[in-house]
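With the hints as your guide, set chain B onto chain A.
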Amino acid sequence: MTQTQYTIKALTEALSKGEVSSVELTREALKAARDDSNNCFISLSEEHALRQAQDADLQIKQKAGCFLTGIPMAHKDIFCTKHSTTTCGSKMLKNFAAPYDATVVKKLDDAGMVCIGKTNMDEFAMGSSNESSFFGVVHHPWDFDYVPGGSSGGSAVAVAKGYVPFATGTDTGGSIRQPSAFCGVTGLKPTYGSISRFGMIAFASSLDQAGPIGVSALDVAHLFAFMSGFDKRDSTSAKRQDNWVDSVKSEGFTAQHTPKKIGLPSGPILNMISYQKEFETARRQIESAGHSFIEVDLPNLEHSVPVYYVLASAEASTNLARYDGVRFGHRCSEPKSIEDLYKRSRGEGFGEEVKRRILTGTYTLSVGYFDDYYVKAQKIRRKIFDDFAATFSKVDAIMLPTTPDTAFKLGSLDDDPVSMYQQDLFTVPASLAGIPALSIPCGFHNDLPVGLQLIGPANSEKTILEIACEYQKNTSWHLTRPNSNYVLERF
Amino acid sequence: MASYKTELELRSGEILKMAWEAVIGLEVHVQLATSSKIFSGASNEYGAPPNENTCEIDLGLPGALPVLNEKAVEMAVRFGCAISAEINEISIFDRKNYFYPDLPKGYQISQFENPIVGKGSITIEDEAGAKKIIGITRAHLEEDAGKSVHDLVEDRTALDLNRTGTPLLEIVSEPDIRSAQEASEYFKQIHNLAKFIGICDGNLAEGSMRCDANVSVRQRGESSLGERTEIKNINSFKFVERAIELEIERQIDVLEDGGEIIRETRLFDPDKDETRSMRSKELSDDYRYFPDPDLLPLVLSQAEIEKIRSELPELPQQRERKYQTKFGLSSYDSKQLSVDRNKSDFFEKLTEASRLPKLSANWVNSNLSSLLNDKGLGFDQSPISPSLLAEVLIRIDNGTISSTSGKTLFRAFCETPSEISEIDDRIDEMGLRQIGGTDGLKDIVLEILKEHPNQLAELLDGKQKVLGFLVGQVMKKTNGTANPKEVNEIIQNEIKKE
Numbered sequence: 021m022t023q024t025q026y027t028i029k030a031l032t033e034a035l036s037k038g039e040v041s042s043v044e045l046t047r048e049a050l051k052a053a054r055d056d057s058n059n060c061f062i063s064l065s066e067e068h069a070l071r072q073a074q075d076a077d078l079q080i081k082q083k084a085g086c087f088l089t090g091i092p093m094a095h096k097d098i099f100c101t102k103h104s105t106t107t108c109g110s111k112m113l114k115n116f117a118a119p120y121d122a123t124v125v126k127k128l129d130d131a132g133m134v135c136i137g138k139t140n141m142d143e144f145a146m147g148s149s150n151e152s153s154f155f156g157v158v159h160h161p162w163d164f165d166y167v168p169g170g171s172s173g174g175s176a177v178a179v180a181k182g183y184v185p186f187a188t189g190t191d192t193g194g195s196i197r198q199p200s201a202f203c204g205v206t207g208l209k210p211t212y213g214s215i216s217r218f219g220m221i222a223f224a225s226s227l228d229q230a231g232p233i234g235v236s237a238l239d240v241a242h243l244f245a246f247m248s249g250f251d252k253r254d255s256t257s258a259k260r261q262d263n264w265v266d267s268v269k270s271e272g273f274t275a276q277h278t279p280k281k282i283g284l285p286s287g288p289i290l291n292m293i294s295y296q297k298e299f300e301t302a303r304r305q306i307e308s309a310g311h312s313f314i315e316v317d318l319p320n321l322e323h324s325v326p327v328y329y330v331l332a333s334a335e336a337s338t339n340l341a342r343y344d345g346v347r348f349g350h351r352c353s354e355p356k357s358i359e360d361l362y363k364r365s366r367g368e369g370f371g372e373e374v375k376r377r378i379l380t381g382t383y384t385l386s387v388g389y390f391d392d393y394y395v396k397a398q399k400i401r402r403k404i405f406d407d408f409a410a411t412f413s414k415v416d417a418i419m420l421p422t423t424p425d426t427a428f429k430l431g432s433l434d435d436d437p438v439s440m441y442q443q444d445l446f447t448v449p450a451s452l453a454g455i456p457a458l459s460i461p462c463g464f465h466n467d468l469p470v471g472l473q474l475i476g477p478a479n480s481e482k483t484i485l486e487i488a489c490e491y492q493k494n495t496s497w498h499l500t501r502p503n504s505n506y507v508l509e510r511f
Numbered sequence: 466m467a468s469y470k471t472e473l474e475l476r477s478g479e480i481l482k483m484a485w486e487a488v489i490g491l492e493v494h495v496q497l498a499t500s501s502k503i504f505s506g507a508s509n510e511y512g513a514p515p516n517e518n519t520c521e522i523d524l525g526l527p528g529a530l531p532v533l534n535e536k537a538v539e540m541a542v543r544f545g546c547a548i549s550a551e552i553n554e555i556s557i558f559d560r561k562n563y564f565y566p567d568l569p570k571g572y573q574i575s576q577f578e579n580p581i582v583g584k585g586s587i588t589i590e591d592e593a594g595a596k597k598i599i600g601i602t603r604a605h606l607e608e609d610a611g612k613s614v615h616d617l618v619e620d621r622t623a624l625d626l627n628r629t630g631t632p633l634l635e636i637v638s639e640p641d642i643r644s645a646q647e648a649s650e651y652f653k654q655i656h657n658l659a660k661f662i663g664i665c666d667g668n669l670a671e672g673s674m675r676c677d678a679n680v681s682v683r684q685r686g687e688s689s690l691g692e693r694t695e696i697k698n699i700n701s702f703k704f705v706e707r708a709i710e711l712e713i714e715r716q717i718d719v720l721e722d723g724g725e726i727i728r729e730t731r732l733f734d735p736d737k738d739e740t741r742s743m744r745s746k747e748l749s750d751d752y753r754y755f756p757d758p759d760l761l762p763l764v765l766s767q768a769e770i771e772k773i774r775s776e777l778p779e780l781p782q783q784r785e786r787k788y789q790t791k792f793g794l795s796s797y798d799s800k801q802l803s804v805d806r807n808k809s810d811f812f813e814k815l816t817e818a819s820r821l822p823k824l825s826a827n828w829v830n831s832n833l834s835s836l837l838n839d840k841g842l843g844f845d846q847s848p849i850s851p852s853l854l855a856e857v858l859i860r861i862d863n864g865t866i867s868s869t870s871g872k873t874l875f876r877a878f879c880e881t882p883s884e885i886s887e888i889d890d891r892i893d894e895m896g897l898r899q900i901g902g903t904d905g906l907k908d909i910v911l912e913i914l915k916e917h918p919n920q921l922a923e924l925l926d927g928k929q930k931v932l933g934f935l936v937g938q939v940m941k942k943t944n945g946t947a948n949p950k951e952v953n954e955i956i957q958n959e960i961k962k963e
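Sequences listed follow chains A and B, in order. Numbering-wise (the working numbering), the first sequence opens with residue 21 and increments by one. Numbering-wise (the working numbering), the second sequence opens with residue 466 and increments by one.
In short, the hints are calculated from the structure, not lab data. One or more hints might be untrue.
[As the list claims (entries may be wrong)] Derived lysine-lysine pairs resembling DSS-like cross-links, with alpha carbons at most 30 Å apart:
hint, chain 1, residue 1, chain 2, residue 2
1, A, Lys375, B, Lys561
2, A, Lys363, B, Lys561
3, A, Lys399, B, Lys584
4, B, Lys737, B, Lys653
5, B, Lys612, A, Lys102
6, B, Lys612, A, Lys363
7, A, Lys111, B, Lys561
8, A, Lys356, B, Lys561
9, A, Lys252, B, Lys561
10, A, Lys114, B, Lys561
11, A, Lys252, B, Lys772
12, B, Lys536, A, Lys126
13, A, Lys399, B, Lys561
14, A, Lys259, A, Lys29
15, B, Lys787, B, Lys772
[As the list claims (entries may be wrong)] Residues on chain B that point at chain A, a partial pick, calculated with CB under 10 Å:
hint, residue
16, Leu524
17, Pro527
18, Ala529
19, Leu530
For glycine and all other residues, C-beta sits at the position ideal for the given N, C-alpha and C.
With the rest of the complex left out, here is chain B:
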């Protein structure tokens, strides 16, 4: 297609790039959080001393045979249900044959033509904030390979096979992604969802989730796809975005210089901020896939699938919507509350007990979040239960205690929880009950005004600035139990009298 370029376009690289469109597909590898490996009973825990989590099956010893871990199957189905995908009642494990030192059997057990999860989709927000559906072609189960360690023994490569046999769910997207930002957003969505439904710990630094990006560019308006390259093994949201950005720019530069894109595997180097060629893909990869004769076809009944579907929790996007419509929360707060399953569950229990959705949302997103953060705890490990925190919030709301006292009480309950029936005694013991007008608050205010005649004079001159100081003095005197609003009102009334 010959395209006419204006002088302006030729002068401006930016506008020139507008003529191009990127087409991106992602393959996300999710390590499933099972306690044992996908085909053996060895532990799947991260961080054990090298080669400790291996058995004869992982090591590929002669005569050892794979036995499928049902938990991994259940997790794959759970994911499939969460993206409203077709779950295949019959799926088949194949051998993907290649030699590599970290692949003990000389083949990887994977699923090729008949994956366990078929077509589904995920909704993301594009750059403009609009909802966009990204199709998922399939998701299949496979085993992870081990690791070659190059810096342990001088001049030699060492092998750590602990990762061998870790269950992976490889999620393959349709080439529906159009920008690096969308790709990163999609990766994030998969990450959040996988964590949310409890199939992955989501720890990117430990390699719990990695992705390969297939990138091609084409002239805008063109319907056929350009030649693509594959960037392998990217393990952070930032890197996905940067690697794809760089690759799109590189491909456009090559094409605009009259060059050709070669189908190849590329590596992203964050230190040099570039992608570079790993190997040409043309004919070198013949994995000789064929059904693994050691494993029977995996057969799932509709009843088994439906059972897993019915046990699926309400998903983040559903919860987000509910928080906005039912509780009237902002879209920001709703999103913040629905990303983490434990956080969301905590919030829902808190709201149910307190009937104060907005206050609950604020507390979960701020006070509780920062406390748990400091302690390095998850929302499922909160030292204060949702029902106890609800009692605190109810008392803030009805004026029994001030917000400040609420925080004091919250910290105290985190240290020593209270029986709900003893909460009011604790409030009194700690002297946190809010002092209102009828409780002599006015006397205290008058006292303060008397103690600070200069500030009072300034206030009478119309310098509203000192009002805050005076309120603060009252709060100090009452150890924070005064209601600042009331203090304010009393002072204002006194001024009027003067």
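Next up, chain A with everything else stripped away, as it sits in the complex:
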């Protein structure tokens, strides 16, 4: 185990002092990505990255850049980019070249960031282990035989290995937070609607939310500020009422210390996790920083996973109907009829997990099942939302484990999709409620990283990031890196 301070904050300082150029940082990041044996990347864009780095260097020289200018990063391959393919981890989109940039891509381009490539992911973001990718499994940064979590596994590993200090992710039921916890990095799923979904390939539209995966909560705060904002091209995008985001963009984020009241779920739920000791230690550290904990009741939490899988699969089944082999994407050879074209193109183009969810979703939306599944699930979703609302009238934030356990071995849950789905037990509730949740590293269990989750009411990113920044000032779990050939140790 070693420690690194490969944060954006450190790199920005080095860039502005002229100690290093964006082109140098980009070259090193590209080299590390090329040499990567964890299978983090689906594609690299060397020329594009170097062009962006040159532009960034010019901006830095003219003092026209911002906090993020010149920093190398990577996009999860779910965000459409004009400069490269966007595969969504699927054979279906193996050769898909989008004619537009996702809003997130455009915003970070505008901030002067340098995109070195697109990261590996579970196919169409469906998975908790990054094993469903058409482009192969991603290996855990600390132990090659373990999964990195998913679906944003490539992004989490790329940050954990230090190839880039930041990568984008998307989170539908935990796809940012769970791999962040497994890999020992910091990941934020923001309030639903705060980051545009335009150009982000849909899995389950009412739950999908983009967010940053970075080294520290401080970095993540800045990244969130630059990624978020109302977008008229996304009808579910929301206008923020406060000016916090704008102030972070212009003046930077400084975490204020104000004592917060934090809720911990009562009952046996915390006994379900394997790393109780590490979780409790973290709790005490946060408490000793001046925050107080009270027990809170979240009665519908246990229903979250089934509700989530009904709703997410229902939406996915129709979101993925457009992949029919007619206009783009995989098309079977020599179709004999339109039906044959559909069946074989989709049969060949989609992997097993995607098919399972399309079938589940189609079933739950069908006449005769719709009321029992979809409608009922929507009602419970509402109750979960109400539970959180009631709880947040008493506390500023809720603390939960991010996952029930550490990362598991590659292939170990292959034949057990339900156990795989249980991975999402602690992450799904915030997704269903559309509220922000942050996963931060809180130690190691059996030599693998584990994380804790801070959840706040809608638009309270500032609150949970402040608690996390303070925790990370007093701990170094987020800076602890595997003993490998990570780059830029000198910063």
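Just chain B now, kept in the frame of chain A:
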């Protein structure tokens, strides 16, 4: 219900059919005349080269999201107000899921349980000319699909997605319609109204309006409904009437032969003059409707609705009534004048300026209509303004010029408009001022009579036929500026003297 049939009924097919009653409901799809699509910024113009009017949203590319066109919403509300319907303050867009090559996303965005427009009604005239109210169940917004083109590439189907995402308002009637003629009348009323309030160009040949007809028959006096069939995609008034007529006959024949009507979708083939089965409807269609998570519920405030309502023009049926009661026009003329908004507006401006409603109605329905028709122009593009035409009509009415000269002047003004202050100069320049008795008309008449002694003799013998000839000669000599009535009178006076 066992029904006793007389020998006569059994012998006469016509009378037998009297025992049956048709129950018809129409779903009319109106393409809204917005400049862009309902969920994208792509152009909504008809007739562009294939696939030119498409963007990533219409093509259903990954990551593309729908954004609702507010103009389409406004038009839907306008229609709702025009049929005095409830406008729902909250309506919801749903996904209607099915696979078809011309449906890029694999689902159509429509409104299922919560449409924007609720119950309303439209008044039509039935076969006997009596007013009949047809209930409208609802009207909802949805996107149109693209088109499969089968005759462009040999052995293959091509796709033109220009129509994808064209805003549609689907207007669903109650099963209040009882005959094919009524159905066609209802379709016409919707067509006229939609054009009138400016939400549709009404071009049936371009598919701007299409309808599906749900048809069933039952024994007269029966209160429950028979099994129905749906005839899809009919795009003319004539076809609606014929398709339903054929379907009613077919259903009666099936039932009278002891058969059963199967719920199915049928297609009208005008070439073969028949309807035929497309597909059975039983369990095959499960569209798996559910709220589209990409779109928030559409929320309208009472103020927004009231604003649209207040901006609604006076509607055709109100205008028709006004023309009859206030202006004393015939019901035929009133209807002719109120179908087209621009025509009606022109007529009203003309009447306001001329104070001559009947003359104005005649001119708008005849001279102006045929001129615009020849030029292929609408009433909003008339080369003569209502105020200028009013001056012409006033001068015809007060005898300054004859009707014939009025037409000459009208044609001249259509070519080169005149300032109102210069109208009289133009009349004189063109020599159109009517010659009355005091202006030497009598001399001209006498001259003509002198020139045609044979005809005069015939006239004196009581052959009134030649009177027209003589008047015509005078008109010819005066280039039409003589007042034919006066000419007539002068000749009659001369005869009496003889």
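Outcome of the hint check:
Of the pairs offered as hints, the one joining A/Lys375 and B/Lys561 holds, with about 20 Å between alpha carbons and a cut-off of 30 Å not exceeded. Of the supplied pair hints, the one linking A/Lys363 and B/Lys561 holds, its CA atoms being roughly 20 Å apart against a limit of 30 Å. This hinted pair checks out: A/Lys399 and B/Lys584 have alpha carbons roughly 29 Å apart, not beyond 30 Å. Taken as a hint, the B/Lys737 and B/Lys653 pair is honoured in the structure, with Cα atoms around 24 Å apart against an allowance of 30 Å.
Taking the CA atoms of B/Lys612 and A/Lys102, the gap is near 29 Å; set against the 30 Å cutoff, the hint holds. Distance hint between B/Lys612 and A/Lys363 is fulfilled; the C-alpha atoms sit about 22 Å from each other, no more than 30 Å. For the hint linking A/Lys111 to B/Lys561, the alpha-carbon distance of about 27 Å falls within 30 Å, and the restraint holds. Proposed proximity of A/Lys356 and B/Lys561 is supported: the alpha carbons are some 27 Å apart, at most 30 Å.
Our distance criterion of 30 Å between C-alpha atoms is met by A/Lys252 and B/Lys561, whose separation comes to about 24 Å. For the proposed pair A/Lys114 and B/Lys561, the alpha carbon gap of about 28 Å is at most 30 Å, so the pair holds. Distance restraint check for A/Lys252 and B/Lys772: the Cα-Cα separation of roughly 25 Å lies within the 30 Å cut-off, and the hinted pair is therefore satisfied. At roughly 29 Å between alpha-carbon atoms, B/Lys536 and A/Lys126 fall within 30 Å of each other, so this suggested pair holds.
Distance check on the hinted pair: A/Lys399 and B/Lys561 sit about 22 Å apart at the alpha-carbon level, within 30 Å; holds. Proximity of A/Lys259 to A/Lys29 is assessed by CA-CA distance (about 28 Å); at most 30 Å being required, the pair is judged to hold. Proximity of B/Lys787 to B/Lys772 is assessed by CA-CA distance (about 24 Å); at most 30 Å being required, the pair is judged to hold. Checking B/Leu524 against chain A by beta carbon gives a least distance of about 6 Å; that is within 10 Å, so the hint holds.
For the restraint placing B/Pro527 at the interface with chain A, the shortest Cβ-Cβ distance is roughly 4 Å, inside the 10 Å limit, so the hint holds. Hint status for B/Ala529 relative to chain A: holds, with the closest Cβ pair at about 8 Å, below 10 Å. Among the interface hints, the one on B/Leu530 holds; its C-beta lies about 5 Å from the nearest C-beta in chain A, closer than the 10 Å criterion.
In this structure, every one of the numbered hints holds.
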